[in-house]
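Using the sequences and the accompanying hints, generate a full structural model.
Protein chains: 2
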Amino acid sequence: MAVSMDDDVPLILTLDEGGSSTSAPLDDPDREELPNENGGSYDVINDASSPAAGDCCAQQSSARHNWEMNYQEAAIYLQEGENNDKFFTHPKNAKALAAYLFAHNHLFYLMELSTALLLLLLSLCEAPAVPMLRLGIFVHATLELFALIVVVFELSMKMRWLGFQTFIRHKRTMVKTCVLFVQFIEAIVVLVRQTSHVRITRALRCIFLVDCRYCGAVRRNLRQIFQSLPPFIDILLLLLFFMVIFAILGFYLFSPNHSDPYFNTLENSLVNLFVLLTTSNFPDVMMPSYARNPWSCVFFIVYLSIELYFIMNLLLAVVFDTFNDIEKRKFKSLLLHKRTAIQHAFRLLITKQRPSGISFKHFEGLLRFYKPGMCARERYLTFKALNQSNTPLVSLKEFYNFYEVIGLKWKAKRNREHWFDDLPRTAFLIFKGINILVNSRVFQYTMYTVVAVNGIWILVETFMLQGGNFFSRNVPWSYIVFLTIYGVELLLKTTGLGPVEYLSSGWNLFDFSVTLFAFLGLMALAFNMEPFYFIVVLRPLQLLRLFKLKKRYRNVLDTMFELFPRMASLGLTLLIFYYCFAIVGMEFFAGVVYPNCCNTSTVADSYRWVNHTVGNKTVVEEGYYYLNNFDNILNSFVTLFELTVVNDWYIIMEGVTSQTTHWSRLYFMIFYIVTMVVMTIIVAFILDAFVFRMNYTRKNQDSEEDNGIVLEKEISKEEVVGVIELYKRSSAAAEITQLQKIVLQMDKYG
Amino acid sequence: MAVSMDDDVPLILTLDEGGSSTSAPLDDPDREELPNENGGSYDVINDASSPAAGDCCAQQSSARHNWEMNYQEAAIYLQEGENNDKFFTHPKNAKALAAYLFAHNHLFYLMELSTALLLLLLSLCEAPAVPMLRLGIFVHATLELFALIVVVFELSMKMRWLGFQTFIRHKRTMVKTCVLFVQFIEAIVVLVRQTSHVRITRALRCIFLVDCRYCGAVRRNLRQIFQSLPPFIDILLLLLFFMVIFAILGFYLFSPNHSDPYFNTLENSLVNLFVLLTTSNFPDVMMPSYARNPWSCVFFIVYLSIELYFIMNLLLAVVFDTFNDIEKRKFKSLLLHKRTAIQHAFRLLITKQRPSGISFKHFEGLLRFYKPGMCARERYLTFKALNQSNTPLVSLKEFYNFYEVIGLKWKAKRNREHWFDDLPRTAFLIFKGINILVNSRVFQYTMYTVVAVNGIWILVETFMLQGGNFFSRNVPWSYIVFLTIYGVELLLKTTGLGPVEYLSSGWNLFDFSVTLFAFLGLMALAFNMEPFYFIVVLRPLQLLRLFKLKKRYRNVLDTMFELFPRMASLGLTLLIFYYCFAIVGMEFFAGVVYPNCCNTSTVADSYRWVNHTVGNKTVVEEGYYYLNNFDNILNSFVTLFELTVVNDWYIIMEGVTSQTTHWSRLYFMIFYIVTMVVMTIIVAFILDAFVFRMNYTRKNQDSEEDNGIVLEKEISKEEVVGVIELYKRSSAAAEITQLQKIVLQMDKYG
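Protein chains in written order, with full-length UniProt numbering: chain A, 1 to 750; chain B, 1 to 750.
Careful, some of the hints might be misleading.
Since the list gives no way to pick one copy over another, a pair counts as held whenever it fits inside one copy or between any two copies.
[As the list claims (entries may be wrong)] Straight line, CA to CA, 25 Å or less: simulated DSS-like cross-link-like pairs of lysine-lysine: (1) K92 - K371; (2) K717 - K384; (3) K95 - K176; (4) K699 - K332; (5) K328 - K551; (6) K328 - K86; (7) K699 - K328.
What the hints contain is simulated information worked out from the structure, not anything from laboratory work. Small disclaimer: the values here were computed from a predicted structure and weren't measured.
What follows is the structure in structure tokens.
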């Protein structure tokens, strides 16, 4: 039996900030087995001095409590290491620990998140509201006050845990408190006045979302963006400098031409060169001068070559470089932080008698707090995986691998290969046949061919339809034929591989859902259910399966999936910027553009809406751009996306400017620069991730399949029995029965 | 005296292809000093067998000739190593060597280049010609025939040098020959018919330019582009695939909306999504469906997110990665090639008696052929720099540094610090004072302040002018004041530093030329010379000097200058693609667009030209886009640049398409993809170069100034006298007098 069952006295640590803890060994060896009294231990905590000077009569129980305390504190340290929380926020006393535990569980996190979302979503209902969601001022102001009170409660919990000193020193929390204060006053003002005033501060509501535990990735992104700013701003200044020089040149060169509206004043010249930087008004901005003198194109070609093709790429290079550098430094500091956390936890788990390592008992105690969902078998396997020296204790060096090992998923190595192994002989043979069939290359390539034929079919079919109502007719037979083939394939695969194995592959899951959608579409067609018609058009997605054929595509798509969480967090970061700008936009520009609003401006055509009669037909001439407005938050988001795409953004800018002042341009220009920063960082991130991935695959070209880390650990029956013994002493009934089941299985399969 | 003067017999090598030469030592030790008989040695060449079996009576002269031959051949090897020419093109016999020498000098290269340029420039004069440069068919066809005959002559020289076998095996030369043949026939056909036919093959004329010796960088770029293609095409297919899927989806979703012209057929749907990929028709393409159902924006947002923000960046990542990889491999193979060349040369320069190294005499002989412009002192210094072991011979290991050392520029370490050191005391003190002044920080920052004030002045002044004629007035006094300050600065700097030192700095050169231009502008203003007015507007360029202030800008601008040759070669590569597309465009689309040409198309407004009378004023309504045509090669280049910038390119495409067939779109789409490849590679190159440079500077942060390699070599008087002795024996009068001058100087300054 490999598990050490000795019970020792913990080397209790004084809790201090920097991590330079000095150990204060206790003298009482407590070797008795004690019953496990789970629960209720939260009220006695590891106060820095109490156990060392603990009263003698409660020695036994105190030692046990001390151990529970140590487990918990070690788990907290490890969590802090994982989440990159600084150790100066570590709870310092009983009250703080209670508050810490209260504020660190998914229920609390969810409350945080939902309050933040509620506050953000309020802008859907506040004036200018989305028509369908408009709420009375009283209603939304009350909702806001309620949400703010919840935030106050959250902050007070945080203060209890951090203590006033640390609370004030923690910048993010302080900013949040200030914003909260302002929001509170404003909400009350709104309630009292019963009318909304200009509330640009609503843009600051994002901070509640950013501060959420679940939005750690967004915080990291924001930090990275702010860190990349200094070099970015330097190059931006270079860009703007050249812009000013060219604006002066352009003004001198082209303003004598009275038919050129782009350079008639220095301001126009500057604005148009800024727009030209985004290429949005090219070649129009060149045309009047080009018509007069063909050589004037040189000015624009030189400007674009320098600004767009050189300095903008330089910007990307600088950001890419800074990004890389920050990533490297972040990785190092994160690693160091984790190591420190592990050191803290290690010191809490060793005993005076055996200071060289952690025994399984204490390791198990730690895991009970660190990962409550883990079962006994997995805990033991994790211990064995850490314990590479095969001694009863895990040394500090081995313990450094904690975070890697804890992330591993343990899977029983089955003797049975297929789900149908236990079935009677005939059924087994049939299923075995299906299994061989669906795993064969012939089957796979047949399916690829079918998908390709289907793709061509859809293309030709669609090409034949020249507009009109496609859905009024009957279900086309080709649809039924292909769907049947896919259905049969799905059935064969499910039976041949077993549902669990089938759905464990991402590609199969994709096939499954697309086929399901296609089937739902068929239903919709067959029963004429109008609102679900859109499902029918998802059919071409089947073609995506063809990309399994080539390795590079598999790589790209796999990388896509791997990058997805990070991309999502970057997207969320962008959305947060959008939210701020949307609020500001709504406060200033709500309702300023409408059909035919801008007839005096240069972009009048785009805002035109004329309903005139030609012969006996009514012809509507629409510019449509009045739809790109800031009338509510959803419209604002679409408008901001259009501004992000950059093309023709100056039409939106000029439309709004013509209805307000020319200072409005600042809003649009700042938005452009901000999205440029974020987009450049997204590009730098994609570049970095893919280049890394491609280098990685190039290095591992020999090993075609990359299955991640494979770690095999065998457990003998004796070990399991030993673990059962351990649990019996601590009377954890559920775990014991589970382990006994494993012993039974072991007996059965040998 | 360190120079070894012994004269040995060369270890003559048999010339063979692979470089696995076997040495065939000669037996006759030829230790006599022989007079240098330069010239006329080209006719006797190092035929593989002759010196080994040479006739005895001509022993002496033969050995000398052998040495000359060996020097020349070694020089050729080293040239081949430098130019990355393959060794199988190495000249193999006397005739080949003569042809090689004929074809490898700047005169021949210039002939090559000018013939190629003449052929390319012919397209300015051929129909459709630039109006001012139009030539008769007879004239330009004759010119073309003449140029082609010159190319034939060049090719025949090449064939003589390479031999027929190698000539056929050399791909680029074969392609050139085929193109030449086709061009010849076509030129004759044009001459006979006296009319131009559709000559798309003119696009192939670029190959004559690409094949020029001076365009090696362009060839390398092209190779790199073609090598980056396979991964690029893979991702491009992914891009097009998603485009097709979205086109089908879009067609199904939006074609029921009859007011939506963008998705009414599958072809339109595809074309518009292709254009949307370039963002060129966004948000217009979305507007009709967005007006009908706000949720349809999801389709466009998803499409752009996947295609534009993900796959396009992926494309950049893949190209960047491939680019990096190719650069690394290229660097390695180039290094190996150079090493092989050095080995070949080394074997030709060692003697039978001393096979371990090259003596100065033979090294000097090599340099006479390799770098005829080098003076005796530099040759000796190069030898000393190579010869790190301070033995009389340069070993192979030391010889490996040949290319690095030969690139060094030797500068005498003067005892005199300033140019005015020799002047009388009073003058010296004055100049010394000026020198201290111009080098002082106060002076520099005063000048920066003046430049900044000047910049603000120009800005304010320009802002005050609201359009109109600026040049009719008198010279503004501010202009004179600032120009005087700059003039005084220039004068002080020139006198304080000496003209040579002043102009050796790039920044000073820049200051000088800007001040000169400003002065010329003043002249133009003062004497009312209309055509030179444009110089006046170059004044703001002075502001560029402010960028010396910050280190990052200095770095960026320095890197810009360093990258300039490479950027220029990339630009030239782009121009070559432009040329091909311009020729094709002119052949198919010359004259198809004109004012009001496209009234039936969707882009009619942009091509409109209406001259109507409102009240008593004539108002011209111009769309100007008819100016973006393919009517001659210059117009085509501007149009292609506009297509490269991408914004509103679909207006040009639709205009041309409405006047021709819808297959014309292929031309524009292919052009977009080609420029995308080239542009992506340019971006990848800039990224790579800057990231490298920034990493480099980050590593060398401590050493603020980067002066390149500094290598000090002292020559003693004895050494110079030794070298003079050597030259005396070979009676090179010019070199001896030069060296004697150095000895005199040495005597003077000690």
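Hints, verified against the model:
1. Only within a single protomer do K92 and K371 lie at most 25 Å apart by alpha-carbon distance; the minimum there is 22 Å, versus 78 Å between protomers.
2. Taking CA atoms no more than 25 Å apart as the test, K717 paired with K384 passes inside one copy only; the shortest distance there is 14 Å, against 78 Å between copies.
3. Taking CA atoms no more than 25 Å apart as the test, K95 paired with K176 passes inside one copy only; the shortest distance there is 23 Å, against 86 Å between copies.
4. For the homomeric pair K699 and K332, the shortest alpha-carbon distances inside one copy (23 Å) and between copies (18 Å) are both at most 25 Å.
5. Proximity of K328 and K551 under a CA criterion of 25 Å is satisfied inter-copy only: 24 Å between copies versus 29 Å inside one chain copy.
6. Taking the shortest alpha-carbon separations for K328 and K86, only the intra-copy value of 19 Å comes in at or below 25 Å, while the best inter-copy value is 42 Å.
7. Taking the closest pair of Cα atoms, K699 and K328 come within 25 Å of each other both inside a single copy (20 Å) and across two copies (15 Å).
Of the numbered hints given earlier, the model fails none.
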